[in-house]
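Number of protein chains: 2
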Amino acid sequence: MSDSADLLDETVPHDEEEQVTHKLIGEIVDAISDSDAALAHGLFEDLHPADAADAVEQLSYDQQIALAELAPRVFGGEMLAELQDDTRADIINELDPGHLAEAIQDLDSDDMTLVVEDLDPEMRARVLAEVSDSDRERLESSLAFEEDTAGRLMQREFVAAPTFWSVGNTIDHMRRAGEDLPDLFFEVFVVDEAFKPVGSIPVSRLMRCGRDVRLADIMVAPQAIIRPDRDQEEVAYLFEKYHMISAPVVDDDGRLSGMLTVDDMVDVIQEENKEDMLALAGVNEAGSSDTVWSSVRARAPWLLVNLGTAVLASGVIAMFEGAIAQLVALAVLMPIVASMGGNAGTQSLAVAVRAIASRDLTVSNAARVIWREFAAGAVNGLIFAILMGAIAGVWFQSFTLAWVIALAMIINLACAGLAGILVPLGLKRFGADPAVASSVFVTTVTDVVGFFVFLGLGAMVLL
Amino acid sequence: MSDSADLLDETVPHDEEEQVTHKLIGEIVDAISDSDAALAHGLFEDLHPADAADAVEQLSYDQQIALAELAPRVFGGEMLAELQDDTRADIINELDPGHLAEAIQDLDSDDMTLVVEDLDPEMRARVLAEVSDSDRERLESSLAFEEDTAGRLMQREFVAAPTFWSVGNTIDHMRRAGEDLPDLFFEVFVVDEAFKPVGSIPVSRLMRCGRDVRLADIMVAPQAIIRPDRDQEEVAYLFEKYHMISAPVVDDDGRLSGMLTVDDMVDVIQEENKEDMLALAGVNEAGSSDTVWSSVRARAPWLLVNLGTAVLASGVIAMFEGAIAQLVALAVLMPIVASMGGNAGTQSLAVAVRAIASRDLTVSNAARVIWREFAAGAVNGLIFAILMGAIAGVWFQSFTLAWVIALAMIINLACAGLAGILVPLGLKRFGADPAVASSVFVTTVTDVVGFFVFLGLGAMVLL
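Residue numbers (my numbering), protein chains in the order written: chain F, 1 to 463; chain S, 1 to 463.
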């Protein structure tokens, strides 16, 4: 638990307010290299699990593994749940199955699943053999759902009450139930006789009503009822849109079987945002992983695709070798047309990917948005055509070269705007992620069009 | 409130589950063009405010303004609060101040502030004149804080209880207080005699304790106590890291003055992610705005900067005009070296910007991450040097050209890795946003280095 005095001291600059300081990391690294288990445990003792996870993430892969061997108790259940997915996957397979089974036993079922799902099959079997029967049952049914679905993310601890109960019945039930309830909850789900969720009541409202009030009179229809096979991104979107704090998850028969809470959805939102951003830049899933080799593996595939498209663009240039040999100014200026197109295309693309992710770009306004992107590209093309035409005209003392590059600029930036919106929309239409691969397609269009139009016009007019 | 039966019907494909359908948007557009106010009001009547806001965002700017004139009652307080910032700013200045004052009167103070802050000064004064004295006081003190700070975002409705109260006292107080409490709350803040927050108790825990239990015995220290001038991005980071649901905000004397809740933080997280993504692609703030002109304005500045750097890169090419005139293959191949460097640099940059935003890249591991990016760039450079060397060798039947492009590729991709990490770190060191302007700097490096090394080596060796 952080010291509130620290957080309040305005004279402390932002970085020193952090629990995980550069000094602490240095001490942890020293404890690891000195194999001082007691010191390592001591350094982590007072840290919030989230801070402990942050500290571990600052270490190199080798240091993380050494720490796991030296001081396994540092890796408690809550801290493991706080680690980033790739770090956790690296570390847990190095821990003792008995330790792991003990570490996760007090976690809510969603966090328990988070830890166990990253284990190798053999390790997973050994950990499952060590946990209690009821935990094993919960884990196995969670793991039966696909990754990145509501079923994987939900916790099986929730508070449900039948419609005919009063506020007083419900409060008494919660006081009695104790351990079986989740650590924290924000809504009581009201269920009918078939255990289907028919309403929800925020705890803060429940608390303000008299004991005699019937639940049926104060409940509201749940904002959303989630199926367990629903993709986590869609669920997070519902939470965000309707400002939901928790939501019921039902099984195939519509019976209440779990609960999703907003703090887990915040993690999903961040994960999806990170994926979109890295995908746009052409980095595969394991983008933020630690080692040189994993970084190379995460990036090489898209560099390979880019090499292919760059060679294609070069093929276009090669068509005009004769023109370039006669007028080298064409070679000097051609990257400007391609680069401006690439930039304009990337701008359109980022706006489009963002609008698709936030559901702002739909069939109802697609035509208008496509027109806007085309027109914005063409208008910017006109602005920079004038500017670049003037520069080229002065530089190479050629009025003809000036208007060739100007015309190429207008055409390429208008195409860039179109490609920036049509490529992600096309990918989405074919069921692909609009963020993945879009960049490469768009820059291929802008390179090929840019080189072809500029060199083609140049060859026609100038030679 | 959505119909739960709809949400459960698995035979309904995803898009039709939406409340805001293409059909509905079409009907709204028809109602606007027919000036049918009753129909417009009717179409919006049963929509959740978030869905109503989504529907309005699907309309063009002109349609939005026409709808505001035709059917102002569509723009209720909750719906206005749900609109995206730029859409809301466009619309509210077209509404009648009296209508606005009435629409916002039932909102929590944070949502009220959200609506009023976007008004023109004159409109704002007129709305403030119409609201109740207590609302005006709250609004004026919220508006006194900077935009994008905790003070602007916080709501002034919260539940506080002194340390010496029992659970029973607290519940009785909440039942009595009624209207003055926030619509929803998740924690009771425990305050000392100076009204400083010293603890917090989740409502779900309070509810499960007996009436005689003293608050002092069940409270925990607040995970964070927020100053009102704190930047919203930092606050959202705390919420995300510590899985917080609400947090107390204090005034200069440390007295409890407001509350932040996680649903508002979800909006902040999305806003900051959107800004980072658009900034990386070179789109200014108003990136998703509706009209062609606003799109042009949001993008032209970075296109201008890109034009400058593209001309710079062309200047490098111009240094080797003689070489190109003798060996046009240099002009054909040079964009490949630059393009591969640009891609590798963008990959490093996206990973770095993401790691800085999530606080994973710190002074403790910066040296290791810089090394990793350099090495990953160099290794990928080696891989694609071999591949591209082979392609160039076969294409132009020249072993010398093959190893010139291979060597240039290694050097440019290693520089790309370094630039991708050093540029955002450098911007951060100088207090700038690492996402803004990074792309342009990185691609300038990779263009200039790529052209210079490839053409320079080519000129030296081949001629």
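Read the hints as simulated data drawn from the structure, not as lab findings.
A hint or two may mislead.
[Unchecked claim] Here are the simulated BS3-like pairs of lysine-lysine, each with C-alpha atoms no more than 30 Å apart in a straight line: (1) S:Lys23 to F:Lys23; (2) S:Lys196 to F:Lys241; (3) S:Lys23 to S:Lys241; (4) F:Lys23 to F:Lys241; (5) F:Lys241 to F:Lys196; (6) F:Lys241 to S:Lys241; (7) S:Lys428 to F:Lys23; (8) S:Lys196 to F:Lys428; (9) S:Lys196 to S:Lys241.
Right, here's what the structure says about each hint:
For the hint pairing Lys23 (chain S) with Lys23 (chain F), the CA-to-CA distance comes to about 60 Å; that exceeds 30 Å, so the pair is violated. Using a Cα cut-off of 30 Å, the hinted pair Lys196 (chain S) and Lys241 (chain F) is violated, with the two alpha carbons roughly 34 Å apart. Among the hinted pairs, Lys23 (chain S) with Lys241 (chain S) is inconsistent with the structure: their alpha-carbon atoms are about 41 Å apart, more than 30 Å. For the hint linking Lys23 (chain F) to Lys241 (chain F), the alpha-carbon distance of about 41 Å lies beyond 30 Å, and the restraint is violated.
In summary, the hint linking Lys241 (chain F) to Lys196 (chain F) is supported, as the alpha carbons are separated by about 24 Å, within the 30 Å threshold. Among the hinted pairs, Lys241 (chain F) with Lys241 (chain S) is consistent with the structure: their alpha-carbon atoms are about 21 Å apart, no more than 30 Å. At roughly 21 Å between alpha-carbon atoms, Lys428 (chain S) and Lys23 (chain F) fall within 30 Å of each other, so this suggested pair holds. For the hint pairing Lys196 (chain S) with Lys428 (chain F), the CA-to-CA distance comes to about 52 Å; that exceeds 30 Å, so the pair is violated.
A threshold of 30 Å between alpha carbons decides the hint, and for Lys196 (chain S) with Lys241 (chain S) the separation of about 24 Å falls inside it, so the pair holds.
Hints 1, 2, 3, 4, 8 from the earlier list are contradicted by this structure; the remaining hints agree with it.
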